[in-house]
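Start from the sequences, fold in the hints, and give me the full structure.
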Amino acid sequence: WNAVSDTLSKQNKVIAIDLLGHGKSENLGYIHTMETQAEMVKAVLNHLRLRKYILVGHSMGGYICLAFAELFPTTV
1 WNAVSDTLSK QNKVIAIDLL GHGKSENLGY IHTMETQAEM VKAVLNHLRL
51 RKYILVGHSM GGYICLAFAE LFPTTV
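The numbering of the sequence shown is the UniProt record's numbering, which starts it at 1 and goes up by one.
No lab work stands behind these hints: they were computed from the structure.
Keep in mind that a hint or two might mislead.
Straight line, CA to CA, 30 Å or less: simulated DSS-like cross-link-like pairs of lysine-lysine [stated by the list, open to error]:
(1) Lys-10 with Lys-52
(2) Lys-42 with Lys-13
(3) Lys-24 with Lys-42
(4) Lys-13 with Lys-24
Next up, the structure:
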């Protein structure tokens, strides 16, 4: 994702969020559903007080974006 985020960051603010249990994110000790991951993404966006954003995901990240849209339809 470094090449993608580098390209996107030329015209946008990019915030890369690790999946739960990956990178620097904690593992909560149980299976993380797509919905759980989407709720965590929403929590990060709320914490950062972002109201306008574009979600981009690849592979499992794409499924998380879909779950986000299903859980928070008024934000997409």
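Going through the hints against the structure:
Taking the CA atoms of Lys-10 and Lys-52, the gap is about 18 Å. The hint holds against a cut of 30 Å. Between Lys-42 and Lys-13 the alpha-carbon distance is near 17 Å, which keeps this suggested pair within the 30 Å criterion. Among the hinted pairs, Lys-24 with Lys-42 is consistent with the structure: their alpha-carbon atoms are about 18 Å apart, no more than 30 Å. Taking the CA atoms of Lys-13 and Lys-24, the gap is about 20 Å. The hint holds against a cut of 30 Å.
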